[in-house]
Structures are given as structure tokens and as C-alpha cells.
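If you read the protein sequences in the order shown, they are chains A and B.
In this text, residue positions in the first sequence follow the numbering used here: the first is 1, and each later residue adds one.
In this text, residue positions in the second sequence follow the numbering used here: the first is 1001, and each later residue adds one.
Heads up, some of the hints might be wrong.
Under the rule of at most 30 Å between Cα atoms (straight-line distance), these lysine-lysine pairs were calculated in the BS3-like manner [unchecked claim]:
#, chain 1, residue 1, chain 2, residue 2
1, B, Lys-1140, A, Lys-158
2, B, Lys-1158, A, Lys-158
3, A, Lys-158, A, Lys-140
4, A, Lys-140, B, Lys-1158
5, B, Lys-1140, B, Lys-1158
6, B, Lys-1140, A, Lys-140
From the derived model, a few chain B residues whose C-beta atoms are all more than 10 Å from chain A [to be verified]:
#, residue
7, Thr-1024
8, Asn-1045
9, Arg-1052
10, Phe-1110
11, Gln-1117
12, His-1134
13, Ala-1154
14, Met-1157
15, Ile-1162
16, Phe-1172
17, Asp-1220
Hints are computed from structural coordinates only; laboratory data are not their basis.
Here the structure is a predicted model, which means the values were calculated and not measured.
Glycine included, every Cβ here is placed at the ideal spot set by N, Cα and C.
Each chain, written out:
Protein chains: 2
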Amino acid sequence: MSPLEFESKKQSVAGFAAWSNVPTMMTLYDYLPSQNAYKVRLLLNHLGLPYRTELISIFEGAGQTPEFLAVNPSGAVPALRLADGRVLAESNAILTYLAYGTRYLPSDAFGLAKVQQWMSFEQDYVLAIASLRHWTMTGKLARRPAALVQMRRAGGMKALEILDRELSSRPFICGQDYTIADMSLFAYVHRADEADLPLQEFSHVCAWIARVRSQPGFLDQQFPYAVDPHSSGELP
Amino acid sequence: MSPLEFESKKQSVAGFAAWSNVPTMMTLYDYLPSQNAYKVRLLLNHLGLPYRTELISIFEGAGQTPEFLAVNPSGAVPALRLADGRVLAESNAILTYLAYGTRYLPSDAFGLAKVQQWMSFEQDYVLAIASLRHWTMTGKLARRPAALVQMRRAGGMKALEILDRELSSRPFICGQDYTIADMSLFAYVHRADEADLPLQEFSHVCAWIARVRSQPGFLDQQFPYAVDPHSSGELP
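So here's chain A without its partners, still in its complex pose (with noise of 0.2 Å):
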């Protein structure tokens, strides 16, 4: 998609873009280059789960008008909007509601508490890498305070450590199965090289890597920030 597509498309609707208008689907709130975003719409091309999308222009303050606020109270995307209207937010809790009942999550207490741990490791210890992979994409990295990014580097660096030694003993973070729990960390840990992390360096996260994509449904699609030709803006 060039940036010009993706300026028509975000203008076909104020603030939003309806790619569909189906209204029985569900609606995915999205953001391109925003790999939290992929996230999800990975999981929906494994269910194979039909679904339209809008997107919301975050760095131009699309997230947060009323309109969105009620989707989101935090002003984040991605969001969800079910046929019956109900909303849900977080990638990893929207994870959660599609997965449920199906291979991609266990059902037991369990099981679905260990994919939750995961998931939460995800979201503290690879934030890191994508706050990194987000300033080093959009110019903003000599904007930010040093110690912020030396904070962010040796955070991502110890996720990477933590997840190689982990996957070293098993094929998926939670065993034997691919679970929502591999595809929240693939989102950003696949990208670590755009963050200027030494990915390569990592063999047993690698090779996980290939297993993730060697899935059946798995979505091969990666959106840059310069699709946008607002990232470069500060998060309003």
C-alpha cells in the first residue's frame, strides 16, 4: 500500500475507513504499521473469520475523538467492534475472545493461564522492542532522552535472552502447541532487527520463528511507518 492509497482509504470515511460494509461483521479498529494490530489480524486469517476494517489515523489524533473513545477508553488500537456492537479492547485480550473454544487456546485453568502469562511477558518485556522498533522507524529515536533508550535496548536484549533460553527446550512457548501466546510475541520479536537488536544472534528464537510461519493460515504481511505519512508525529 503506498501512503497515497493509505490517505485515500483513511478519507473515504471522517476519521475512519470502511474497507467493507457488511454490518453483521465484525469490525477491526486498525493501524497498519502497528504490529499489536497484526496481531490480530494474523489470528483472524488462521480462523479464517471474515471482518471489515477501519482505520483509525492515531498519529493524527483519530484515537482520540469521543467516537473512538467510546470503542477505547485508553485511545489504543487495536480495537474490536462485535456484530451485536459490543466493543473490546488490547491485542491480547481481543486474542483471547477470538481464540477461545478453538486449537489456539487450551480451555483448562491451566492452560489458559500459562498463555496468559506469556502474553503479559509480552507486554512488559517485548514493549521494549517495540517502542524501539517505533522511534527507530519514524526518526524519533534522537528525540528521546539517552537513558530511556538504553533502558528500552537492555530491555529488549533481556527479553530476547529470556525467550532464546525458553525455546531452546520446546517448540512453542507454552509446549508442544502454537497458541495466541506465540502469535503476541511473534508480532514484535520477528521485527527485532527494525529495532537494531541483533535478532540473528538468537538461533533458538529463529528457528521458532520459521515454526510460526510455517503455520497453516499464517499472514505474511508487514505494513512500514512509511505507509503513514504521519508517523513521524508525536502520539497526541
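Given chain A's structure and the hints, the job is docking chain B onto it.
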């Protein structure tokens, strides 16, 4: 508990302190001033479940021993060992495991995911309150970059503003029922004044705090960092 008692409990077993020796009971790996650990103690109290405690002296590096890293690869407390030996980490994941099948966690896909949405919000936005409180109570605030402290303060205020708006229209964060999402949020939010945030200005949050406190089995328990003579150090 006095600093002396804390030390004596900690030293009763090398690195760990056993409060009970019943081997068929759950073990909570705990650090008393941690409000993440308090979340778990609060739910255990609501449920009336017996458990033993092992204290992890995190500022002395007890979270980084090979023994504890086998329990939680990230080295953080709380963590839980089940009676059958399986281990679980991350406070919100432990809450999910313990609350599964009880009144504190809905069993349908949407209800479960909504609880997880607010626990993700907690982990993301309320983290700012947790950091500020830790730095304020242990004398570390002046050692942190000013830009980072400012970011955390803005983040903490945003968290309180969002919660106040949400809690203006319903008694608990997910609706009519008190869930583990409330317990998770409560842990750091109700101590926001210790992070020098103006908690009393958020009237809906304050009314919600009173509702949480009135729940059957509420655990009114706090341990200041002062119980740990090592808490002014940096985490390894």
C-alpha cells in the same frame, strides 16, 4: 512486620523463607511490599484458599538464582507453585488461574476477554503509578532521569482519568460484578497517593475503592518498603 522479622524469615531457608512446610499446598513466591503480590494474596483471601509463602529478597538478587528462574524465567515476583509442582508467573495470569470457575471471573468468551482487557490496561497504564510509588517510597526518585519521572507522572494521571470516567457509570470496571480485573487495578491505584498523585480528586475512583474494601473476604494488608532494609538498592 519489622525489618528484623523480615530478615529472620528470609534467612530461615537460604534465599527463601518458608512460613509453612506442608508439601501438598500451593506455594506463593512473595515479596511483601509488592502490590503485584498483594493482588494474589487478596484473591486467595477472597477464596479462602490455604497456601504457604516463600519470601524472595528481590533487591538482594534472590529472583535471579537458577532455582527461582526455573519458577519464573523473568525473575519477578509473584509466582505460584501448585501442589503438583507446576509453576505459574505474572500476577494477572495467576489471578486468572485461581479465579477460573469462581464468581470472580466470567466463563464466557467475551466476559473473560473483557476482564483481560482491563488487566492489560492495568499492566500498561497503572504500571506508571507502580514505578512512581516504588521510586518515591525507596528514595530512588532523584536518581531517575527527570524526563522519565515526568512520563510516569503523565501516565499515572492518564490512568486515573480514564478509570474515573469509566467508573462513573458502573460499580465495577467490567460492569455489575466485582472481578479479578478490579483486584488487579485496586492493588496500585488505591496507593496512588504514595506516588504523590492526587487520588482524592478522582471521586469515582475513590467510591470504587470503598466498594472493593467492602467485599466479603477483603484483605486489608500493606507492607511498606521499609520492612525490607535492602529496598533502597537497585534490582539486579
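Against the structure shown, which of the earlier numbered hints fail to hold, in ascending order? 10, 11 and 15
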